[in-house]
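J.: Sequence:
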Amino acid sequence: MKFVSLLGCLAIGLLVGMADAQGGCSRIVVRRDITSLSPQEWNRMASVIQRMHQEGWFEYYANIHNREFGNIHGNDNFFPWHRRFLRDFEEVAQRYDSNFAIPYWDELRDSRSPANSVVLSPRFIGGNGFGSCVRDGLQSNWNMGFPNNHCLIRSYDRGSQMQPWYSPEYIFSIMQRYNDMHSFREHIEYSLHGSVHLGMGGDMSTYWSANDFAFWLHHANLDRLWAQWQSWGHGSTMDGQNQNGSPMSLGSRLPHYGDPVSSTMHMGSGRMCFQYAGGSSSRRSAKAMSFVAEPPNNGTENGNADAGLHALPEHLRKKWFPLLSSNQAPSGAPMNGTRSIQSVSRASGKPLLYPAPLTDMWVSMHGFDRNSVSQVMDEARQFVVEMNGAKYLSPY
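FYI, in mature numbering (1 follows the signal peptide of the UniProt record, and there is no 0) the residues of the sequence shown are -21 to -1, 1 to 375.
Hint data in this document are derived by calculation from the structure and do not stem from the laboratory.
For glycine and all other residues, C-beta sits at the position ideal for the given N, C-alpha and C.
Accuracy of the hints is not assured; some may be wrong.
Said to hold, decoys possible - Simulated crosslink set (DSS-like; lysine-lysine; CA at most 30 Å straight-line): (1) 370 <-> 329; (2) 329 <-> 298; (3) 329 <-> 297; (4) 370 <-> 298; (5) 297 <-> 370.
Stated by the list, open to error - Ranges of calculated distance between the beta carbons of each label pair, as one might list FRET restraints: (6) 215 <-> 343: 19 to 25 Å; (7) 15 <-> 330: 47 to 53 Å; (8) 161 <-> 128: 24 to 30 Å.
Put together the whole structure using the sequences plus the hints.
T.: Here's what the structure looks like:
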């Protein structure tokens, strides 16, 4: 482990905290979909990430995540703490390049076949390990220093492939149905959050998952989804419990940092000097799935990503997409059942797939309540059953 570098990391981190916590944003960086970056933009970003690795920052952040693991998972510190953690990483990266902004991975777009995502190609962060060790992409042949010396490991959960992740439709449904932080957090943490970590395996499935740059892309996307949910009328929503079982509030203090939860709630203020490309502050976006996941570019307009949902039978819209009432359908979207759903689905549309459930190991590792996890898993399966039963075809 690079002890000298890590001491420097700590000193710089303290200075960053002292300087930025006291003022507003002099500039706001924009976090973009990683696949939208030009080769020149990605190379510039990769250069910063390589320097951070060489100087011990990945060990530093993996250590923090490992140490605070039980305090920041399975309770309602989850979203605000990881937002603060992401911003910490981003602030340090901006010491090397003031324009640095953590990109996000729109994983929902790749949920049907994650291993085939361009994000996991040599162009970006590389793919599955060869003999477990990552040998291509951004972190090719990296040696990690925490918790011991080892190569960066990825080991997909289905050999050379990964099990399906959670669909854009299901995450869109979660965001529409749950208005309190506790329920929203549980459903995201027990679904998309876990499926990506487990699917990639290796370092991503450990306490020190921050070793893998995929961690930062993944949590930037989860944070983006939280930001979108916030913009739908939940801007300062905070409830549930903290790591001690005490009530969570805007005044609760974040583990490790000591900052109040309120300091993370508003992008563009305090030290949260970032925003997401393509986000919307309008509640109208709660009725457009394209604000949750960008549809694949297959020659069809984005609006059709939502048309199939508007064409669902009314009882399914009310149950799974309560904000999509019949008088809110887009112009021209038919509303009369199965034939309508098929007529507005894309030619390449497919039935929804069953997402991979959390493993017993993952549930135990996080100390999750097993009954709560089972309820979320059962709900996710029932969602697929009912959507496929209605002949819904996903454009994703």
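J.: Quick check: does the Cβ-Cβ distance between residue 215 and residue 343 fall within 19 to 25 Å?
T.: 34 Å, violated
J.: Given the proposed pairing of residue 370 with residue 329, does the C-alpha separation stay at or below 30 Å?
T.: 9 Å, holds
J.: Cβ-Cβ distance between residue 161 and residue 128: within 24 to 30 Å?
T.: For residue 128 against residue 161, whose Cβ atoms are near 40 Å apart, the range 24 to 30 Å is violated.
J.: What's the verdict on residue 297 and residue 370, does the C-alpha distance respect the 30 Å limit or exceed it?
T.: At roughly 17 Å apart (the allowed maximum being 30 Å), residue 370 and residue 297 satisfy the hint.
J.: Just to be sure I understand the hint, the distance between the Cβ atoms of residue 15 and residue 330 should be within 47 to 53 Å; is that true here?
T.: 29 Å, violated
J.: Does residue 329 pair with residue 298 here, judged by a C-alpha cut-off of 30 Å?
T.: 22 Å, holds
J.: Taken at face value, is the distance from the CA of residue 297 to the CA of residue 329 at most 30 Å?
T.: With a Cα-Cα distance of about 23 Å, the restraint between residue 329 and residue 297 holds, given a limit of 30 Å.
J.: Mind checking the alpha carbons of residue 370 and residue 298 for me, to see if they're no more than 30 Å apart?
T.: 16 Å, holds
Going through the hint list in order, the structure does not satisfy hints 6, 7 and 8.
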